[in-house]
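Peer 1: Using the sequences and the hints given, assemble the complete structure.
Sequence order for the protein chains is A and B.
Numbering-wise (this note's numbering), the first sequence opens with residue 10 and increments by one.
Numbering-wise (this note's numbering), the second sequence opens with residue 32 and increments by one.
Simulated from the structure, these hints should not be mistaken for lab results.
Since the structure is predicted, the reported quantities are computational estimates derived from the model, not experimental observations.
Here a beta-carbon is modelled for each residue, glycine too, at the ideal position from N, C-alpha and C.
Check each hint, because a few of them may be wrong.
Pairwise CB distance ranges, derived in the manner of DEER restraints [as the list claims (entries may be wrong)]: (1) B:Gly47 <-> A:Lys68: 45 to 51 Å; (2) A:Lys68 <-> B:Gly91: 33 to 39 Å; (3) B:Ser90 <-> A:Ala40: 30 to 36 Å; (4) B:Ser90 <-> A:Ser38: 40 to 46 Å; (5) A:Leu20 <-> B:Asn103: 40 to 46 Å; (6) B:Thr87 <-> A:Lys12: 19 to 25 Å; (7) A:Ala119 <-> B:Asn103: 40 to 46 Å; (8) A:Leu20 <-> B:Glu85: 38 to 44 Å; (9) B:Glu89 <-> A:Ala40: 18 to 24 Å; (10) A:Arg51 <-> B:Thr110: 22 to 28 Å; (11) B:Leu145 <-> A:Pro49: 31 to 37 Å.
Footprint (simulated), chain B over chain A, 3 or more residues, beta carbon under 8 Å [to be verified]: (12) 47-57; (13) 68-76.
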Amino acid sequence: SQKIEQNSEALNIQEGKTATLTCNYTNYSPAYLQWYRQDPGRGPVFLLLIRENEKEKRKERLKVTFDTTLKQSLFHITASQPADSATYLCALGGGGATNKLIFGTGTLLAVQP
Amino acid sequence: SAVISQKPSRDICQRGTSLTIQCQVDSQVTMMFWYRQQPGQSLTLIATANQGSEATYESGFVIDKFPISRPNLTFSTLTVSNMSPEDSSIYLCSVGAARNQPQHFGDGTRLSIL
Chain A
10 SQKIEQNSEA
20 LNIQEGKTAT
30 LTCNYTNYSP
40 AYLQWYRQDP
50 GRGPVFLLLI
60 RENEKEKRKE
70 RLKVTFDTTL
80 KQSLFHITAS
90 QPADSATYLC
100 ALGGGGATNK
110 LIFGTGTLLA
120 VQP
Chain B
32 SAVISQKPSR
42 DICQRGTSLT
52 IQCQVDSQVT
62 MMFWYRQQPG
72 QSLTLIATAN
82 QGSEATYESG
92 FVIDKFPISR
102 PNLTFSTLTV
112 SNMSPEDSSI
122 YLCSVGAARN
132 QPQHFGDGTR
142 LSIL
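Peer 2: This is the structure:
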């Protein structure tokens, strides 16, 4: 069955450093991959979408890469700030017969001042 | 982007009872969805709420347990019926152009069953 893996352990980094979060998947060939941010007590907020034919996408301090050979996406936040502390979810879509978003469990990022 | 309001934001219920969650959007939207987010788990799609017709349920979810209404393009309800402690979860409403497109979420309803 389709499986998405994100680091279950929290990622702790120092303010100003680059945070890198990983999303690995198996048994799936998504047409695209999405990243969301979720704060405690809030719903997920859409950040970025990258398609299977795109290697990299940027938005302000965010960068996403998508390697369909490795079946992996990396999500980078440069010059991280304490306000970036949240849980980040990856979601796959557009592949297979299910035609729905499949979410990972998320990685908690904590940026220390 | 659309502003989505969910009510109630949280509730504590007795087992065997039912609770209806409301989702109101500030603009007309094509697609509305209901998700469940159990503690430590990923978001799981329950169903797509279809305007004027029966909802489309995902595998593992049935209408008798999770009846859904969508009377117009800005409003939907999800009922969690005959609740048990296993139904304790966060229930989220979302909107989007399609099931696999970027979605905008409400802040969810935190449901605890005693």
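Peer 1: Taking the numbered hints from earlier one at a time, note which ones the structure violates and give those numbers from smallest to largest.
Peer 2: Hints 3, 4, 11, 13 are the ones this structure does not satisfy, whereas the remaining hints hold.
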